[in-house]
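**Q** Read off the chains here:
Protein chains: 2
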Amino acid sequence: MATNTEKALERFRELNKTIKSYHEALSVLYWDLRTGAPRKGVASRSEAIGVLSSEAFRLTTSDEMGDLLARLGEQETLGSLDEINRRLVSESKKEYDKSKKIPPKLNEEYVILTSKAESYWEEAKENDDYASFQPYLEKIIDLTNQFIDLRGVNGTRYDTLLDDYEPGLTTAELDEVFGGLRSKLVPLASAIAASSHQPETAFLRQNYSQAAQKDFSLYILKQMGYDFEAGRLDESVHPFATGLSPGDVRITTRYLEDDVTSALFGTIHEGGHALYEQNIRQELVGTTLCDGTSMGIHESQSRFWENVIGRSRPFWERYFGELQKRFPGQLDVPVEQFYRGINVVQPSLIRIEADELTYNLHIIIRYEIEKAIFNNGVKASELPEIWNEKYKEYLGIVPPNNREGVLQDVHWSGGAFGYFPSYSLGNMYAAQFTETLERELPNLWELVGKGDLLPIKTWLSDKIYQYGKLETPSEIVQRVTGKPLDPAHLVQYLETKYKDIYRL
Amino acid sequence: MATNTEKALERFRELNKTIKSYHEALSVLYWDLRTGAPRKGVASRSEAIGVLSSEAFRLTTSDEMGDLLARLGEQETLGSLDEINRRLVSESKKEYDKSKKIPPKLNEEYVILTSKAESYWEEAKENDDYASFQPYLEKIIDLTNQFIDLRGVNGTRYDTLLDDYEPGLTTAELDEVFGGLRSKLVPLASAIAASSHQPETAFLRQNYSQAAQKDFSLYILKQMGYDFEAGRLDESVHPFATGLSPGDVRITTRYLEDDVTSALFGTIHEGGHALYEQNIRQELVGTTLCDGTSMGIHESQSRFWENVIGRSRPFWERYFGELQKRFPGQLDVPVEQFYRGINVVQPSLIRIEADELTYNLHIIIRYEIEKAIFNNGVKASELPEIWNEKYKEYLGIVPPNNREGVLQDVHWSGGAFGYFPSYSLGNMYAAQFTETLERELPNLWELVGKGDLLPIKTWLSDKIYQYGKLETPSEIVQRVTGKPLDPAHLVQYLETKYKDIYRL
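As given, the protein sequences belong to chains A and B, one line each in that order. Quick note: the numbering used here has the first sequence finishing at residue 505, numbered continuously throughout. Quick note: the numbering used here has the second sequence finishing at residue 505, numbered continuously throughout.
Worth double-checking, as some hints may not be accurate.
Stated by the list, open to error - Derived EDC-like pairs: lysine to aspartate or glutamate, alpha-carbon spacing no greater than 16 Å straight-line:
{"hint": "1", "chain 1": "B", "residue 1": "LYS18", "chain 2": "A", "residue 2": "GLU109"}
{"hint": "2", "chain 1": "A", "residue 1": "LYS41", "chain 2": "B", "residue 2": "GLU230"}
{"hint": "3", "chain 1": "B", "residue 1": "LYS106", "chain 2": "A", "residue 2": "GLU15"}
It is worth saying that the hints were derived from the structure and are not from the lab.
Please build the complete structure, drawing on both the sequences and the hints.
**A** Pasting the structure below:
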């Protein structure tokens, strides 16, 4: 009996490792497409991605996998496994049950479509040509709707999508959380707009050498503890991080000549994602648990590093001199002015360049549009108009073109509906983790002020990173902070920070 | 009956396309490893490469494939197929029969080993540390010997390896061809050494800006007709070209600060390989016929562009001004002096930097060492000494270290034993093709002198490139030149060129 279980476990682990290898290969193919693959190779590459995805999908949903999971998933057997194997079996079972509902052909069609669509989105964005992208988006929405039907609806249709990125999260919960957040942030934003202490920002908009920007980005990544022997920094239209294995976690950024901090904060953001995956514990390597536990927790790390650390006063007390050195004569202002400048709050068009506060409004807009698509049947053709209306309503500004409007984000071209809420969840998790971190590392801000960031990385690795998918988001939040997710921490963090900056 | 054949053909084409997709994915993984993948990701990447290779191997040797090939390969059925399908079936049958003899586990072991070994070779070369690489090489030789035993020996053991790169080529034939070549080239090299008209070369060895080198390399690639929407130029330790699909054929080069032509001729060489694969006809795309027909024919194209065109007098009469412009004040010599300088013949240590004439001696050395390994059981531990002895004997010089000696080439780390002779075959094919090209495009050198290189690319595409693997090397040579391969053309080409330069 024990021998049978051992054999089943061995075979299951082997299959799981093979699936993980397919994921690694696919991640390389996607990374390559996004960092300069030649245009004319896209069609053939999409075929290859389709073939590999199908095979990974086939392995995940094979009868053999089903049998193994049924055997290993029996109450008694599961109880006899060690923690890692137990979790690996239950996660695989969940994935199996979910994927089993999708016909392989439909999955392949979806994979090929979304991998092509991303290139077409890139082109459409460059040419500000929504019409050329619309048919692809229509088809992606159509297939996503088919997936929802096949997987079954529990609550609203959109809930089925949310579950992919934040297991268990519902539209009802999000409505409440986002409602609460909005009710606190809107008055704060109004008070800020009315303040007579507006930061100066003009000095941030000069012509900044790209080479020097890159040099400083690399320098800060090293300070954060990013391991360059296990990663690299490249450029892409839309910055991203991708973990092929903990030994190879890559990030990309995008340099703007007229903005000294856009690429930098993008790099710190992606660097936060990368630290997470570079520091997953060795025993999980080569298994499908070797990944972030949810998009929300992942975003908590990117946004923690970008905002909580990277936009803090102590951080710039330490590093502003280093930045000034790289742009001689261009940043001759007091550090306090710089600190206030990079924390200016004002409505803007581009999500990834938004301040910490209004950022959440960008997310709420996307959340509402996605709900409207899947719960109310809104069409792709209607999106530019709805987008612009919502920007007018929530932020008081209207995009002058679709490039700075509905075409700005890569997500929908890849079919990632349900992902956006993760960003605001990430802000909330980050604020809550920070409170615990400040308690457990009482000299936190002194360390940041000295440029000694490694204890922070160590604490996060110890508490969060090493676990990969070994725990669920809610388990991690509970274990680390001693209580469930509570949006009040984010509100408090923002109020404290911005009342100081705007002297409210 | 017809319907059954059609069904079998359809399924076979589908399988073949899937196999081709695996090849594309693998090529991306290898390209990535060679162009800057982080060191710590190598182990995991090798696993992924192993998984994908195994699956491609499994598909190639599956019972289903065997059945389909048996059915489609019947004399009558084969005769009823169109040219492409006929060739695709017979090539796949050959591959099937060959691969079927290798146990999948052994193949996987080999693939994982060689993909790791390449990274270890790179490190060993950088540190001039042969001892660290030797165990890998031993293991590769051992596995290669097992493959030879499994595949069976016809002639000498080394013949089994040669067949992988130049189908049908034997050690006996090569001994004769290389013997003949050596008997003509050695006296020519002696006469050259004794000439009182030695080219000046010191001016080629200054400090040349890498950015300007890159700029000129890109410019020349464009002139050759390399399509940058279907390719890209990167850097790697060992320059290479890789065709993922005709829409994505990538090349790499390596810049030396103190040598203005090393990267350039490397780029032209790889560019020649790339032109071949960018111009394979559309009907072959997505099949395993979409590839060069042999390494020898492939090398004929790289070496044609590098030497016959790129080291010709008319080429530099057109382009020397362009080069001078990019290095102001560094190349103030007459074009004739430059032409003679880049065609200097002298014994040297590094194959890829050798002149056209002594290059063949580098190949003969590797050929003899490979023969000794597989036909006479010479061990990996003995190679540095044998290498150095042969360099002393054939070229009169001894490498001061293994980095410039036995560690210089990537090939053995990837298990590519039997590849090297292709380079000299390439030289011979190139000379023979050139003779026909000069006849069919009588104003060839006038066009080169005007920088009008596209008619050359068109002629080569028409005669060679578009065919992919649709014809064998000997079929191509016979069709294009009207006769079988004859090494006399290379001898004549070299004699004519170098008697002029050295005024013999």
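**Q** Take the C-alpha atoms of B/LYS18 and A/GLU109, compute the straight-line distance between them, and say whether it is at most 16 Å.
**A** It holds: about 15 Å lies between the C-alpha atoms, which stays within 16 Å.
**Q** Verify the proposed pairing of B/LYS106 with A/GLU15, using a straight-line Cα cut of 16 Å.
**A** holds, 14 Å
**Q** Can the restraint linking A/LYS41 and B/GLU230 be considered satisfied, given a maximum Cα separation of 16 Å?
**A** holds, 6 Å
Violation of the numbered hints given earlier is absent; every hint is satisfied by the structure.
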